[in-house]
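Undergrad: Got chain A; can you put chains R, X and S on it based on the hints?
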Amino acid sequence: MSTVSTNHGEHHHAHHFDSAEAEYEASKFGTWTFLVTEILMFGGLFVGYIIFHQKFPEMFHAGSKFLDWKLGAFNTVVLLISSLTMALSIYYAQHNDKAKTLFNLYVTLICGGIFMVVKYFEYTHKIHMGLLPGALFNPQGAEAEAAFAAYSNLGMYFSFYFTMTGLHGSHVLVGMGLIAWCIVRTHRGEFSSKYWTPLECVGLFWHLVDLIWIYLFPLLYLIG
Amino acid sequence: MSSASSTASHFMPFAATKIAAGVDSLYYFLLVASFISCVLVIGGLIWFAVQYRRKYEGQKTAYISHNTALEFLWSFIPFVIFMVVFVWGWIVYYQLRSMPENGLEVAVTAQKWNWTFTYKNGRKSQGTLTVPIGQDVKLIMTSSDVLHSFYVPAFRNKQDVVPGRYTALWFRAEHEGSYNLFCAEYCGDQHSGMLGKVNVVSREKFDEYLGTEPYKGLTPVEIGQKVYGGACIACHGLTVNDVKPLKLGPTFYMLFGRKESLADGSTVDVDEDYLRESIVNPNAKVVKGYDAGVMPTYAGQLDEDEIMGLIEFIKTVK
Amino acid sequence: MSSGGHDSHIPLKTYFNILVALLILTVVTVAAARVDFGAFNTIIALGIASAKAFLVLGWFMHLKFDDKIYWVMFGTSIFGLVLLYFFSVLDIYTRIMQISPL
Amino acid sequence: MASAPGVNYLNEKSGLWSWLTTLDHKRIGILYMISVMIFFAIGGAFAMLIRYELFAPGSQLVDGATYNRYMTFHGAIMVFMVIIPGIPAFLGNFIMPIMLGAKDVAFPRVNLMSWYCLMIGATVAFISLFYNGVDTGWTFYTPYSITTKNGTTWMVVGAFIIGFSSILTGLNFIATVHKLRAPGMSFWRMPLFVWSLYSTAILQVLATPVLAITLVLLLMERLMLVGIFDPALGGDPVLFQHFFWFYSHPAVYIMILPAMGVVSELIATYSQKTIFGYKAIALSSVGIAAVSFFVWGHHMFVSGQSEVAGVVFSFITMLVGVPTAIKVFNWTATLYKGSVKFDAPLLYALGFLFLFTIGGVTGIILAVVGVDVHFHDTYFVVAHFHYVMVGGTLMAIMGGIFYWFPKMFGRLVHDGMARLSFVLIFAGFNVTFFPQFILGANGMPRRYFDYIPAYESLNKISSIGAWTIGIGFLVGLFVIIHGLLRGEKAGPNPWNSRTLEWQTPSPPPHENFITQPVVTAGPYEYR
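Residue numbers (our numbering), protein chains in the order written: chain A, 1 to 224; chain R, 1001 to 1318; chain X, 2001 to 2102; chain S, 3001 to 3527.
The set of hints was computed from the structure by calculation and includes no laboratory data. The structure displayed is predicted, hence computed values, not measured ones. One should not assume that every hint holds.
In silico BS3-like pairs for lysine-lysine, Cα to Cα no more than 30 Å straight-line [unchecked claim]:
| id | chain 1 | residue 1 | chain 2 | residue 2 |
| --- | --- | --- | --- | --- |
| 1 | A | K98 | X | K2064 |
| 2 | A | K100 | X | K2013 |
| 3 | R | K1259 | R | K1244 |
| 4 | R | K1060 | S | K3341 |
| 5 | R | K1205 | R | K1124 |
| 6 | S | K3341 | R | K1288 |
| 7 | R | K1060 | S | K3489 |
| 8 | R | K1120 | R | K1018 |
| 9 | X | K2013 | A | K194 |
| 10 | A | K65 | A | K119 |
| 11 | R | K1197 | R | K1216 |
| 12 | S | K3460 | R | K1244 |
| 13 | A | K100 | X | K2064 |
Partial list, derived from the structure: chain R residues whose beta carbon lies under 7 Å from chain S [claimed, not checked]:
| id | residue |
| --- | --- |
| 14 | M1012 |
| 15 | P1013 |
| 16 | Y1028 |
| 17 | L1030 |
| 18 | G1089 |
| 19 | L1147 |
| 20 | P1153 |
| 21 | G1164 |
| 22 | G1177 |
| 23 | A1292 |
Here a beta-carbon is modelled for each residue, glycine too, at the ideal position from N, C-alpha and C.
Extracted from the complex, chain A is given alone in its bound form (with noise of 0.2 Å):
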């Protein structure tokens, strides 16, 4: 998000504003105004989820039957953990410790990779399922045939499954591409407790999806 053009080792402010302050400033409000955008974007899903929810009860009751919690919990410990990590690289950035910033974004890094391959297990589950968004819907085996035998528009639960956990991951993606930005400029040592804009930039993004997926979490897994 940020703008900034940077030097190596001091930084300099862009030439439009009128100091370092002014700049961290504007570049907090622009990234919190982006964070609107994605909140309203996820939420138009989570109204439609809510919506269809309230329509076919029982339904979607059926189709959460057929995610794991225990999955979705140990992602959500993830990506909680996650975030505390990229919370405190940004709190030793501040304080000039160079390592220690380090190390925790990396671990935020490996958190966001753990939750992707735990969402490519239960992904790969689900279509070996044949568990597939609308007209891809095709369930195999005993315990998902009689669910859509029950439920005929059962594809739809999993229309929202995939939609909104496939726009979560890929904002994980590029929430974990931005960090390993991060990890690159603080090797070169850009950050300081005089300039941690990007950093700050970035773990409100970070944050953001993480605050997503403490809503996707009870939704899709524990009510359905």
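TA: Leaving out everything else, chains R, X and S in the frame of chain A:
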């Protein structure tokens, strides 16, 4: 009220229901109010602009930053007018949408690109809705493909027809006549050809229409001609020139008995069996140069007499 | 920008406490889901999720220590969603039809 | 930092590459100007074809399927690529930072990225032409948009990307207004154009993401039939309309609010008078933006939406009328005891007021739910929104271009020719669209490729008017090119305006001002 609607036929189409006249009264009120406000605003604008045109460079102007009383006034007066027309519009809408309890119910099925009307005694009609004068008629509508909209300007009434659910519309026609029926929600290539008629007839004629066999005393060819006029005419022509792009489907001209080239490269003799198949399962053999999936199936829409009649009719198109 | 030192005054310990609180709430929400509260299932789950969201927003994203305008921005986005939901549902649940299946 | 005399943003660097990689908001504004003008020419060409086809009943030029593609491309191009970016991203980009006394927008790279988003999105949208076009109409209503087999997917992806362009511009403007105002430039000293852009930016940021997710769902629907909007799978096609109009109604105000801002500037400058009711106009912009989120259901009065929702939406729609009326009255009052000079930009502003007033009152007619049942989806609606979008927004764009032309390029346009373009566009516009009110009242539905003979004469008049508009815009283009090549050199402040952008050389230097301006008074202090 009625005098207003008769003098203003230039602005609105003929009003065939009482509610239509009510809609017109509200519309004329709105028109007059709009006209007055336009004259005030635009007139004031032009008058000020001309009156205070620049006479010399560097001319001093008055410094008027605001006037709270005036601004309150010209916020409040429009607000009051808006509320009045809102409530009035609400009343009219309430009348338009309050379904009658004991109306004549007709089922309406829309599909690309025609209307099918089914009466309770099973009588079906394609493209033309016949109703008695002075009776509440309630249409229960659904679509078999995409959104359509049932719109009769003479009734000032319109309702989208949504696939997967029912919507309803009612009217009580007070004047005999034949009124235009339009599809008002965009539905594809022949959207503008999805026309129909609402015939308002006397009670006796309606009973006769409803009670008699639909095709009593007609020859198969005449039956076919009627079916053609309701169901096929939007896409299939009768002359040699009625081909794409004018009509979406092949022409019926000299159709029967000829060899038709199909999209898959094969040919087929156009006989009764092929025609029947093309009516009930139109995508099985698609004519070369035309697209599959354009024509919906008429299985269930037309009964055997009608299909037979249609085939006999096509035989006669030369 | 060090002059403000906006975030530095959240002590490390607080961050860890927040994480513990979040983990406890996760356990609570899983446990709550195993008991059937009927119509309240969704409300309870969303309530706990919102508590967690508040913790993340307030401390990890340090909204609690920031300019109030960020709360306003966040609130606006939620309000927009409530609008979308409210009016869509207003339509869907007031569609009245006296249908005769003929 | 300060530039040498004679060096400005146009000549400081040269070469195509320096333009394509520029971070200067003024250059990006010019990039937008060029692309929007090209898109407008394409969209306009489709409009001419439409009016040619509708000149008489039956097929004049093409068949229904092709006509539907013309109609879709005309709508989609004009909405997504011309009117939405038209004022904010072009005039706003160029003028707003200077009006605030800033050196640039808050995020110059995001600003450039937003232009690339527009261009990429437009390119993707145009790829649909190679896949048998798009025939859904710009509204993409389901289930038609799910089942139709052609390039719709490309168009939807294109609109999605263009949406990001709009979001990024809005984000940038909000941050700029909040963080980059010059010393002394309080909120109550911001010019009204900035206020309107600020309100617009809020709408862009809040509404566009919902469009994005709606389009994502539509794509999923097309690619794998997820069934959320498809009744065959338990979905609800009317819900699509809710989601779509949640964006697209505020989008209507994204289109008109900046135009109102431009008109405020034009009226104040050309009457050399302080604007009447500054705070009322500024707040009404914000008010319109806020209320516009509550009214989308008036696009759905006959869609199968419930009657209760219809009445509620009708009521709230009436409330939007009030701040709009306030603006119109305040502009009129500003002319009172002014010193009005009839230059081309003022003519365009007066044309805006004339046409927008008609568009506004017909909007109220359409908001009255009982009457709208008849007018919905007829040519009455077509005429109404063209009165607002063309009569409003395009008039303001033209006026704005001629007004700020000296600032952008340092040259004056030929005022007589500019006035001629106004006369042609204004006259042609009324000839085109006024008959469409009558057509609509008589029941001619919109998006009709063919019509019953009763509608023929009015359609003929309408088509003739459309071609007059076309000629008018060609004259306008000629005025611009003539001004670029042969225009007289302009001073820094040819119109004797008080806002900040006129207090710097024309064209402005790279960082807009030679010395940082300090604001001590409101923007319209003509005493």
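Undergrad: So, R:L1030 near chain S? Judge it on the closest CB pair being under 7 Å.
TA: holds (5 Å)
Undergrad: Min Cβ distance, R:G1089 to chain S: is it shorter than 7 Å?
TA: holds (3 Å)
Undergrad: Does the structure keep X:K2013 and A:K194 at a Cα separation of 30 Å or less?
TA: holds (23 Å)
Undergrad: Taking only the CA atoms, is the gap from A:K100 to X:K2013 under or equal to 30 Å?
TA: holds (16 Å)
Undergrad: Is A:K100 close enough to X:K2064, meaning Cα to Cα at most 30 Å?
TA: holds (25 Å)
Undergrad: Keeping to a limit of 30 Å between CA atoms, is the pair of S:K3341 and R:K1288 held or broken?
TA: violated (66 Å)
Undergrad: Taking only the CA atoms, is the gap from R:K1060 to S:K3341 under or equal to 30 Å?
TA: OK: R:K1060 and S:K3341 at ~13 Å, within 30 Å.
Undergrad: Just to be careful, I want the Cα atoms of R:K1120 and R:K1018 compared with a cutoff of 30 Å; is the pair within it?
TA: Holds, at about 26 Å.
Undergrad: Holds or violated: R:K1205 with R:K1124, Cα cutoff 30 Å?
TA: With Cα atoms ~17 Å apart, R:K1205 and R:K1124 stay inside 30 Å; holds.
Undergrad: Does the nearest C-beta of chain S fall within a distance shorter than 7 Å of the C-beta of R:L1147?
TA: holds (6 Å)
Undergrad: Double-check R:G1177 for me: the hint is only fine if its C-beta lies closer than 7 Å to a C-beta in chain S.
TA: For R:G1177, the interface hint is violated, since the closest Cβ of chain S sits about 14 Å away, which is over 7 Å.
Undergrad: Taking only the CA atoms, is the gap from R:K1197 to R:K1216 under or equal to 30 Å?
TA: holds (22 Å)
Figure legend: structure checked against the earlier numbered hints; hints not met, in rising order: 6, 16, 22 and 23.
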